[in-house]
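Here the protein sequences come in this chain order: A and B.
Positions 0 to 405 (numbering that gives the first Met the number 0) are the ones given, in order, by the first sequence.
Positions 0 to 373 (numbering that gives the first Met the number 0) are the ones given, in order, by the second sequence.
Please keep in mind that the hints were generated in silico from the structure rather than gathered at the bench.
Since this is a predicted model, take the numbers as computed values, not measurements.
Yeah, the Cβ is synthetic: ideal placement off N, Cα and C, and Gly gets one too.
It is possible that part of the hints are untrue.
[Said to hold, decoys possible] Short derived list, chain A residues pointing at chain B, Cβ under 7 Å:
(1) His223
(2) Val228
(3) Leu257
(4) Tyr259
(5) Val390
[What the hints assert, rightly or not] The calculated lysine to aspartate or glutamate pairs, modelled on EDC-like cross-linking and capped at a C-alpha distance of 20 Å, are:
(6) Lys302(A) - Asp215(A)
(7) Lys81(A) - Glu337(A)
(8) Lys302(A) - Asp219(A)
(9) Lys150(B) - Asp61(A)
(10) Lys334(A) - Glu121(A)
(11) Lys47(B) - Asp73(B)
(12) Lys150(B) - Glu38(A)
(13) Lys150(B) - Asp271(A)
(14) Lys116(A) - Glu69(A)
(15) Lys150(B) - Asp219(A)
(16) Lys205(A) - Glu240(A)
(17) Lys302(A) - Glu320(A)
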Amino acid sequence: MAHSVSSTVSSSSAAPAKTLLLPGEQRPPDVHIDVRTQELQINMGPQHPSTHGVLRVAIWVDGEIVTRAEPDIGYLHRCAEKIGESVSCIQYVPYTDRYDYLAAMNNNLGYCLAVEKVAEVEVPEKAQYIRVAAVELNRIASHLMAVGTYGLDLGAFTPFFYAFREREEILRLLEWICGARLTYNFIRIGGVMRDMPAGWVEDVRKFLDVFEQRLDEFNDLLTHNHIFVARTANVGVISPEMALQYGLTGPNLRGSGLRYDLRREQPYLMYDRFTFDVPVGTGIKGTVGDCWDRYWVRMLEMKESARIVRQALDQMPATGEIMAKNVRHLAFKSKAGEGYFGIENPRGELGYYVISDGGANSYRSRIRAPSFCNLSILEAILPGTMLADAVAIIGSIDIVLGEVDR
Amino acid sequence: MDSLVPWLKGAWAWATGSAFAFSMVLSVLAVVAFISVWAMFAVWLERKASADFQVRIGPNRVGGRFGLLQTLADGLKLAFKEDLIPKDSDRFLFALAPAIAFCGAFAAFAALPFTPALSAVDVNLGVFFVVAVTAIGVIGVLMAGWSSNNKWSLYGAMREAAQLVSYEIPSALALMIPVLVAGSFNMKEIVAFQCQPTDGALDNESLVYWSSKGWLAFYSPWTFIAFVVYYIASLAECKRAPFDLPEAESELVSGFHTEYSGMRFSFFFLEEYGMMFVVSAVAALVFLGGWQPLPWISLNMGGLLGNLVFLGVFLAKTTFLVWVQIWLRWTLPRLRVDQVMVMGYKYLIPVSLFALLMMAAYEHWGVRYLPGLF
Chain A
0 MAHSVSSTVS SSSAAPAKTL LLPGEQRPPD VHIDVRTQEL QINMGPQHPS
50 THGVLRVAIW VDGEIVTRAE PDIGYLHRCA EKIGESVSCI QYVPYTDRYD
100 YLAAMNNNLG YCLAVEKVAE VEVPEKAQYI RVAAVELNRI ASHLMAVGTY
150 GLDLGAFTPF FYAFREREEI LRLLEWICGA RLTYNFIRIG GVMRDMPAGW
200 VEDVRKFLDV FEQRLDEFND LLTHNHIFVA RTANVGVISP EMALQYGLTG
250 PNLRGSGLRY DLRREQPYLM YDRFTFDVPV GTGIKGTVGD CWDRYWVRML
300 EMKESARIVR QALDQMPATG EIMAKNVRHL AFKSKAGEGY FGIENPRGEL
350 GYYVISDGGA NSYRSRIRAP SFCNLSILEA ILPGTMLADA VAIIGSIDIV
400 LGEVDR
Chain B
0 MDSLVPWLKG AWAWATGSAF AFSMVLSVLA VVAFISVWAM FAVWLERKAS
50 ADFQVRIGPN RVGGRFGLLQ TLADGLKLAF KEDLIPKDSD RFLFALAPAI
100 AFCGAFAAFA ALPFTPALSA VDVNLGVFFV VAVTAIGVIG VLMAGWSSNN
150 KWSLYGAMRE AAQLVSYEIP SALALMIPVL VAGSFNMKEI VAFQCQPTDG
200 ALDNESLVYW SSKGWLAFYS PWTFIAFVVY YIASLAECKR APFDLPEAES
250 ELVSGFHTEY SGMRFSFFFL EEYGMMFVVS AVAALVFLGG WQPLPWISLN
300 MGGLLGNLVF LGVFLAKTTF LVWVQIWLRW TLPRLRVDQV MVMGYKYLIP
350 VSLFALLMMA AYEHWGVRYL PGLF
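Can you make the complete structure from the sequences, with help from the hints?
Now the structure itself:
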């Protein structure tokens, strides 16, 4: 049969025990059975429901225990950085939607901020507040997806639908403001696409009121469930040193207990005007930096994002420009120069590095994708865990393959 | 005349024999029909219940507002699908596996009494038979996993084997407790024990009477523990969440039946829903008074009407227990392999063993609830 056998039993003493021994000959052990289990290599992905996209992880297992794991990426490579050179800066904004498609607003924002930095564009205040509201709502949607599918990874189907109920509401709000549900292209170089529609602010407030209560409901359903805690606590522990070594950012870094958030460290937009906490993992259920901590940081961050959105809506000026004066969209040309801008994406530090030679296209646009860096730690923390833990760990890292492969 | 007598004898033997064979065929067909209808209903129930849990609507087009015929449509779709057999699989085992997996659940139906009068076969060792025969399914699953020539399927099969063999022990031990109390392996007699009239004799006048023994789940603390242990172990035995490791969608991508399609797949489906019914029916019969509607209060009915009432009560109880299984499935995350084993070997087996010993002691000294109190 064409099988790769997972274990073999081989008896090394096949010969019958000798009764007569030659001088100097050692008596072989009477019975010597060597139970040798073979390592099995299995492919997790690229078509696997729990790799969150087209990630392939080659896993070597000894029974249920992972001995080696190698992430294999590139199935979704779309020459993102090259496209950045061949289309104009304005045209490139909708492409950024497609990298981290769960947090498209954040991707728009990162690129726009980088170009604005190089081109020295001053963005009006109101546009900045609208950007904050849109980006933070998008962060909530992205985290909802992360925690919902995390339940799915662990075999809990129902929380996923509750997360999607809330996410649906956010998508409705974002669709209302820009006409798209997933790839928004809302944040433009120099400002935002358009002003908020009438009634939008009230609806966002209404949603946030309900949302905070429903987060508690979600906690009852999944977060404090005994089986969920047993599956995630003390699993996939990333120590703070290790997190730094592998360049983790975002909730994965904060899950390891390091309070580092670009919104706080290098405030962009209006983030220095809001009060919000930066939640970190404290190892309530197990060790600092385990899967449960990373999950819990996301849950807490959603609350903080809701707080930020409220403050942004409160502080927002009633009237004002939403697009910078000196940006002529059809013929936008950046100044010659280069600049890097890093923002806090739901998954970590998303950085765009733009070099411009003064033309319409950027000479080079480099993307520092958080998922790509976060993914690299899999190789280090998967060995020694069980196969089911591998799923839990990949889920807790929360990668988006569109961004990893670009 | 001389030649006619043996002929007549032969004809008589043939007629009686074929009547017996005919009745056997009929009861087999009845069981098949029941399992099919039941599976349709259970799948519908599962979809509707899960939709309720998940703020969805669920099937609502095929067969009226409540989508009652959705499962039938899906079944038809499965029947017409191409029967795919992977190229490098072991074709014989691959084809045989679903049938064998289905066998276990199917055979167990034969021994289930639905009412005092309605059962395919009155097996004297009913409890024992059901426990033994449902274990056949694991062979089919192992065959399916091995013959698929798929590493993930093999994983599912190995997990299934480990899990089923481990959880047979606590579930069998837990079932021994009511057997010990009632003094019989026969499920009808166990039910009869649970609705024994208080004074031993039953006057045929009264429709409703008191039975001092009551349902075995509430007979003593130890039988209640046995009920809980059996229910948990039975979840593991029919691969329901949180013990659905053999087919863990998010890890093994459906495990042992990944490579199956069409009718062969639907046989695994039937097996799962058949098993759900069997374990729930056994729990209802052995622990929850079978066809008696209330604990300690029993009905004295007979004839067609009585049997219909009893059938309704029995099916209601079983469906409720199945619904609890569905409820748990759509609420809980999945355990890990080692956690499942820990649960079985470190908790369920010692607890059920201890309960069995305590029950034996209680029975020996004639204690029922707590010594001194009751």
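Practice item. Would you check the hint for Lys150(B) and Asp271(A), treating anything up to 20 Å between C-alpha atoms as holding? Key: Violated. Lys150(B) to Asp271(A) sits at ~53 Å, over the 20 Å cutoff.
Review point. Holds or violated: is there a CB of chain B closer than 7 Å to the CB of Val390(A)?
Key: holds, 5 Å
Review point. Would the pair Lys302(A) and Asp219(A) pass a check requiring their Cα atoms to be no farther apart than 20 Å?
Key: holds, 16 Å
Check your understanding: Against chain B, is Val228(A) within 7 Å by beta-carbon distance?
Key -> violated, 10 Å
Check your understanding: Between Lys150(B) and Asp219(A), is the straight-line Cα distance small enough, at 20 Å or below?
Key -> Violated - the C-alpha atoms of Asp219(A) and Lys150(B) are around 36 Å apart, more than 20 Å.
**Study point:** Distance restraint between Lys47(B) and Asp73(B), which requires alpha-carbon spacing of 20 Å or less
**Key:** This hinted pair holds, its Cα atoms lying about 15 Å apart.
Review point. Is the interface hint for His223(A) satisfied, with its Cβ closer than 7 Å to some Cβ of chain B?
Key: At 12 Å from the nearest chain B Cβ, His223(A) fails the 7 Å test, so the hint is violated.
Review point. Given the hinted pair Lys81(A) and Glu337(A), is their alpha-carbon gap at most 20 Å?
Key: holds, 17 Å
Exercise for review: Would you mind confirming whether the straight-line C-alpha gap from Lys116(A) to Glu69(A) stays at or under 20 Å?
Suggested key: Given pair Lys116(A), Glu69(A) is violated - Cα atoms ~38 Å apart, limit 20 Å.
Exercise for review: Below or equal to 20 Å on CA atoms is what counts here, so check Lys150(B) against Glu38(A).
Suggested key: Roughly 12 Å between the alpha carbons, so the hint for Lys150(B) and Glu38(A) holds.
Check your understanding: Between Lys150(B) and Asp61(A), does the CA-CA distance stay at or below 20 Å?
Key -> The hint holds at about 13 Å.
Exercise for review: Would you settle whether the hint for Tyr259(A) is holds or violated, based on the nearest Cβ-Cβ distance to chain B being less than 7 Å?
Suggested key: violated, 30 Å
The structure does not agree with the numbered hints 1, 2, 3, 4, 13, 14, 15, 16, 17 stated previously, though it agrees with the rest.
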